[in-house]
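Colleague: Take a look at the letters that make up each chain.
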Amino acid sequence: MPIEYKKKLVVLRDIVSVDEAEPLLAWLQNKRAAKVDLSACTHLHPANLQVLMAADCCITEWPTDVGLRSWLETAFSPKKQEI
Amino acid sequence: MNPLLEQFLSEARDFLQGIGEELMRLEKAPDDKALLVSLFRLVHTLKGNSGLFEFPEMTRVLHAGEDLMDAVRNGRVAFTQELADQLLDAMDFVGMLCDEIESGGAIHASRAADSARLAAALRALIALHAVPDAQQNCEAVFDGATSALTATPTPQQLPLADIPEAARLAAYRRAQNGDTLHWVAYKPIAECFFQGDDPFFAARQTPDILWVRIVPSEPWAPLPELDAYRCVLEFQVLTAAPHEALLELYRYVPDQVTMVAVPACNFALPQGDPNGGPVYDDFVVDALDHLDAGRLDALRQAAQTMLHLSNPDLWLSSALRWLLLMLDTAPQTPQALRCLIESLRTLSAPDWSTVTPEQALQDPSEAAEAALPDTKNTPQNAPASVQTNAQTPEVSALFAAQRQILLFDDQPAWLAGRLRAVASVLVNCCNASGEVGAQAQIEAALAQALAQASSAPLLAWLAARENLAPATHVFVVPVPVPVQVSPIVQAPVDAAPADAPVVLDDVPIFGRRAEDVASASTGSKSLKVDQAKIDLLMNLIGEMVVSKNALPYLAQRAEEQYGVRELAREIKAQYAVINRIAEEMQDAIMQVRMLPVSFVFQRFPRLVRDISRKLGKEVELVLEGEDTEADKNIIESLADPLIHIVRNSLDHGLETPDVRRAAGKPASGRLTIRAVQEGDRVLIDIIDDGRGIDPTIIKRKAYEKGLIDEATLERISDREAVNLVFAAGFSTAEVVSDLSGRGVGMDVVRTAVEKVNGSLTLESEVGKGTHLRISLPLSMAVTNVMIVESDGQIFGVPMDHVVETVRVPCADIHTIKQSKTAVLRGSIVPLKALNTLLGLSSVARPNADNEMAVLVVKVGSESVGLVVDEFHETAEIIQKPLAGVLAGLGAYSGSALMGDGSVLMVLNVKELV
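First to last, the protein sequences are chains A and B. The opening residue of the first sequence carries number 0 in numbering that gives the first Met the number 0; numbering runs sequentially from there. The opening residue of the second sequence carries number 0 in numbering that gives the first Met the number 0; numbering runs sequentially from there.
Do not take every clue at face value.
Under 10 Å between C-beta atoms, here's a sample of chain B residues computed to sit facing chain A [claimed, not checked]:
hint, residue
1, Val214
2, Val231
3, Phe234
4, Phe398
5, Gly416
6, Ala420
Keep in mind that the hints were calculated from the coordinates and are not lab data. It should be emphasised that the depicted structure is a prediction, and the values quoted were computed from it without experimental measurement. By construction, the Cβ of each residue, glycine as well, lies at the ideal position given by its N, Cα and C atoms.
Sequences and hints are given; from them, build the entire structure.
Modeller: Written as structure tokens, this is what we have:
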């Protein structure tokens, strides 16, 4: 599974397709201050990305993929980036 | 190049020609509704055809053209000269794309921008020329058009300050090294996810990325109201990739991407803490002194000292870092340095718009005077009209010099190098004067010029530019530039007429001029011939066969009547030769008309893919015997029925993967389309391994729809029942979908196949699949007929209808009520005398054994016996339709000339009985 929901953490792996956006949004709606682990993620569909951005998620692990990381770091507000 | 594309190109040329002609005629008679409709249809068809291929540039323009024509056709927009011009331009563009496809197999990505602009211009016409009372209707269109026309922002308007200084320093170095940097802002449309796009992925493919950013284009909705599938992201990239690569990458979405070339100095934006305000006057004065005196070393030292003494977070330090970088990389640009130093006085960002790269190279005093306003086309706010700075004397002189060079008519070995040099000068001039779009055009012209080893394309570009430039007024946003604008370039604000055409200054003229010069030599290998000419050949060879067949009669007469045996033999020998040649000739002419079935088949892979995708089914398509050939008419008549059948198979026949798995079949269905030649017929099999047709359902449905009565319902066999699907108005689908279910499909199939003397058989086994076979004649030109005699005349009966010939003793003919019948092989066959049917008064003659000659023919599913006098041989004839007053005679389908010169009337059995 490219996406795994834990208690307060969602782990995104490999390529997260467009179909995951809806469940992801539903999950985030019930979890304030959710954390996101992107370390194994190589690409995520922008639908997922904008859901994460809108929810103002806290990224605990940035992708190891340098290209993706450089994109994503710009998408999330700086206060969350320190972790 | 594949045959489909070849055909498309040849057709597209015809369409373009047609569109051109119609447009010309329309200009003479703008109110001709029929012309308008036919013009619309041409554009519409061409657009549809272009959609078969991956030519988004072409389709986009044609689509806009189609919309415009539709608006004209519905009277929402009045037809004007200008509209015609714009359309013709667009069609020239399409023609040019066709040439490009033909020569290179693909469209260069740089066309995307042209195409988007042309399309926008066409759409703008819909809005601009809207007939007043229809204004409301096209407001939406207008919005779209104007937003599409909103031109790219200038480098000064870009949020470059958002880029961290380190990235900007790197970018500046890259730019000074000769790379052109582009700011790319990709704002996908909100619905893009539904079109299967992944804009993020596309943006990530941008090569040579220096800096990126993702920004939401609107504030986030609260989570419960958020629509995950409405794209609100914007991707911004700073890249050093070449312009072409970017155009290629974003060629499908040119309307959603803004690309701006950013000159190096625009990155030099000092940032930081102002530290109490501008207090560095001393330094500025010193630095300017050094600069004016050309003491760059001293300037560098001063700056380094100053930087050393200052807190690195200060605005001052940032500016000094930039100053040092500039001194290192571009010490020859005193104007830029001055600008940067001056900015220290006010601690406001240096105004790079006063320093274009070109002037930066000039003498500072001159440059200061010639500082130019920007010439981007931005129809926003209060449009002021300013002439393009293309008129600057220096630039004009450069262009003139290039023209001179191009006009040399010698052909030196270094021609290619010279062309490249000229092109690069032109590109540089255009970049310097802000004609951003020109680069791609020049490069295209250069490529063309190199290919033709002639300077014509470049000259054409220059000429086109020259023609447009002097008269052009551009909309320019009053850029807040506190610059010394030289008085020449300031034109009165009201100079532009209120309804100025929305034509941009650098609109190239597609191909028209260039084509006149250069394209004369490109000929095609294949010859396109009007079908009427082939038909004429066919008729002539038919007559020749007939007169050739008269020779044996002549030989016979020579021998029998005149007793010259020798001559008779020679005539026969000659006849043999002529016969062979005539037959070969007939074959050859038939060959001309032959097409392989792949002509129809090649559209199926795509069709099957699209439909199965839509229905969520997995289908494996197998095509066999694609090179089987048949007459053009036959092949063409096959196209529509086949599409219907394939759709039916996909929609009704094949099941979804789940159902298939449950039934123990492989998840992926198999659809086989096979063509084989068998004798003088082509057999097309369409076989699927789907759920098959259930005869009981068919029977019930047919009964419900009133297609069969109760008695038939009881009687008909399963096999016959299955064939009821061909009846008009039959449909098993409960719901009418866009694929099938309207109850016309299979009926249309049957009619179309029967029209070309074909037949259809359908076999189906529930759960196993359906097998549909279409049998078609190879050619319609030659008909096989059986010759019969009645009342001293001969008639032909098409062999397709003949079941058998029998001799029935008069005693076996019974009269039931008024009609005669005979029992043949246990079934009752009604007998009809041909004489009676044709209105001849004489009675059929029995032979010596008192037997009647009965020709049993099949009409639909019934057999009927025709009573005639005598049977003759069968013959291959070339049937001609009856013309003139005879055309009204339904009893005959046509006539043919026999070898001995007699005329054979061919009966139309269906009408007759």
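Colleague: Could you run down the list of hints and mark each one as holding or not?
Modeller: Hint-by-hint comparison with the structure:
1. Val214: holds (8 Å)
2. Val231: Holds. Min distance 6 Å.
3. Phe234: Holds - the Cβ of phenylalanine 234/B comes within 10 Å of chain A, reaching about 8 Å at its closest.
4. Phe398: violated (42 Å)
5. Gly416: violated (39 Å)
6. Ala420: Given a least distance of 38 Å, the restraint on alanine 420/B is violated.
Of the hints listed earlier, those the structure fails to meet are numbers 4, 5 and 6, in rising order.
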